[in-house]
Amino acid sequence: MSKPTLLLIDDEERILRSLRMLFFVGYNVRMTIDPYEAIRILREERVHVIVSDQRMPVMQGSELLRIARETSPATMRILLTGYSDLDASIASVNEGEVFRYLMKPWNGDEVKKVVAEAASIAEASFAVRTHSDMAVELTGAKPRVLIMDHDESTAITVHETLGDRCDIIWASDAQHAMEELAKQDISVVVSDLMLGATNVGYILKTIKQLNPQTQCIVVTSFSDTSRLIELINQAQITRFLPKPVSKGILARNLESMLERFHIVRAQPVLQKRQAVAPISDPQEQVQAGNFLGMLGRLRARINA
Amino acid sequence: MNAMNEANPVGSEIFSLINAIDAVSPDSPLEELAELFASPEYANLLSLPVVENGRPVGVISRYRFMDIYLKRYARELYGKRPIRNFINDKPLLVELDQPLSEAAQHVAANMKFPLTEDFIVTRRGRYLGVGFVMDLLKVMEQKMRANTDELEKAYTQLKSSQMALVQSEKMASLGQMVAGVAHEINTPLGYVQNNVAIGQELFLQIQSMMAEYEALVDKLLNDQASEEQVAVQMQLVAEMRNDVNTQEMLGEMHGLMSDSLYGIDQISELVLNLKNFSRMDAAANDSMNVNDCIESALNIGRNVLKNKVEVVKELGVLPKISCAPSQLNQVFLNLFTNAAQAMEAQGMLTIRSWYAEGSVYISVEDNGKGIPQENLTRIFDPFFTTKPVGEGTGLGLAITHQIIHQHGGEIRVESQVGEGTRFSIKLPATSSETVQPILKAVAA
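Respectively, the protein sequence lines represent chains A and B. Using my numbering, the letters of the first sequence map in sequence onto residues 1 to 304. Using my numbering, the letters of the second sequence map in sequence onto residues 1 to 444.
Hints listed in this document are in silico derivations from the structure and should not be mistaken for laboratory results. Think of the CB as a built atom: it goes at the ideal place given N, C-alpha and C, for glycine as much as any other residue. Please note that a few of the clues may not be correct.
Said to hold, decoys possible - As a list, the in silico SDA-like pairs of lysine to any residue whose alpha-carbon atoms are at most 20 Å apart:
no.	chain 1	residue 1	chain 2	residue 2
1	A	Lys112	B	Gly79
2	A	Lys3	B	Gln346
3	B	Lys308	A	Arg252
4	B	Lys308	A	Met56
Unchecked claim - Which residues of chain B face chain A? A partial, calculated answer using Cβ under 8 Å:
no.	residue
5	Val178
6	Thr187
7	Tyr191
8	Asn245
Work the whole structure out from these sequences, hints included.
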């Protein structure tokens, strides 16, 4: 196997020179300070992993990654930024659909590990078509959508959009949501981050560990950049929509996430593209552990 | 009297003012009044209510009665005549459920001087009793005093909350800047840290390489070592020498070290900027060149301005002025970030300073979207903001205005929609220091 290609973009050349040293062995490293040059490389070469800065003079990193998604869908996208602003992180989810959101200054070993993981996933997915316009066979069980939100308007929009095509479950507290998740696999989750007084971040993270097919849309008025970055890395949420969200936007995203679910179900190799990082928060680790225990007991009882 | 037995209708302020006084009939003879006015029961009354079929038809005052009755032969002439002929048929009437202030207003507007009559309280037009004007005015005065106290309390609260808001705006803008600078430090910190970590790794490799070289030299110098041992060691060293990666990395390392030093310089500069910016928190007045405040604000605001704003500086030779530098920094930072926010895409920010006739002048001009005429007069008002909820407190320019005024200066604004905005500041240069020969006219 030839070396995987890694494309690095940052407006600070010193960052590029420094990063390159981490990948001296085992990678074919391309680097540039010019996002347009990066797009050209993506078009002409098979790039496994792209690592981009967010704040650059001519183009935001999330925008570059959005273009990368269209130009070279199999390339794994990573953002490496020193700025943790909310808009950038929302754009990196919704537009860039990043695999990881990493912060500067970085930990060399972590970055190496993430890039290596991304490179092997990319290698596997070059073999399959990842374009969203590929014909999806709508076979198999009826998709199930779980709403975890107090807000009735969210539930109404989901019903109106997907009512006839999906089984829809509306859980307005964490306990109910966990019971539903224990009973059956869920295709698309539409969730607020706060359910009553419970922060349900750990539930989303655990779902994605258990069932990588599940596509997760977060709809919330809760805005904390570091929490969101955790959800990108550890729950691989695919959409983050700040409340209040218009019907049209939610409906459009529901459609595309349902389609994504069908694609991922048909091509299991693509599931790895949304592989999650381990949960970092100690309290959430405990919560996730309890949830998994409960899940095990419930599933055993149901299957008995 | 029977009317008085009914409960106080909810909320009537008039109720407590009522004195239950038996009214007189308009048909009673005038002479009856002599007895009534003299009786202790009516001693406090200025006038007697005259009521027919439960409704007040007028009053007759003690004053008027005396006026008539003390005339010669009045008792004989008028004594048997009905009171009706002598009453004031336009008495002061107050409805029970009227608001106190309205009643007081009505009474004050219609009472006559000297005060000769009491007012009559009615409920739906029917007689209830008599009220004393002085009582009414006393209650009004108490109420007004209570209102004043409340107003005073509200004013004090408002003042302290305004101070809190101003403080929080200061903290917010400073916090934003600190966060911005902290983020900016992350870039050099990122590569410096990484370079040092890589350097450490390479150093370990070189250490082990050196050990192998030394082992080779030892073996060559040692007569005891066999040909074979020397050959093996030679082979080992040759392999290491041919390891392209290590060689290349070593070659790169020199550059990485220079980069690291550059990065550390950058971090030091950023930290120094922060320190300069906040140094003046001591609020003490300092002697300062305003150009330095401008530079300091530009450094701190760099992360907002960079990539978006071309800054043109035309800074003239200025004398030092007595000022609170931290506050002036805040003023300039505010104007610069506002300017950056007013630019939809790339834009130009022109900062000029000059000295003339005892004053320092600064103008901050952008070619952003401009401020509509209707907003122009309000931009210095506290809480006026055109930014979305949560993004601006609407205090930035209000504080700017306040700071400039506290420095004895003036700030003006001119703007053309679609063309840009210019803020002009004039600060008195009170100190008579000689003009410092610092000329800065460079575009950043």
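Exercise for the section: Return the numbers of the hints above that this structure violates; sort them in rising order. Expected result: Hint check: 1, 2, 3 and 5 fail, others pass.
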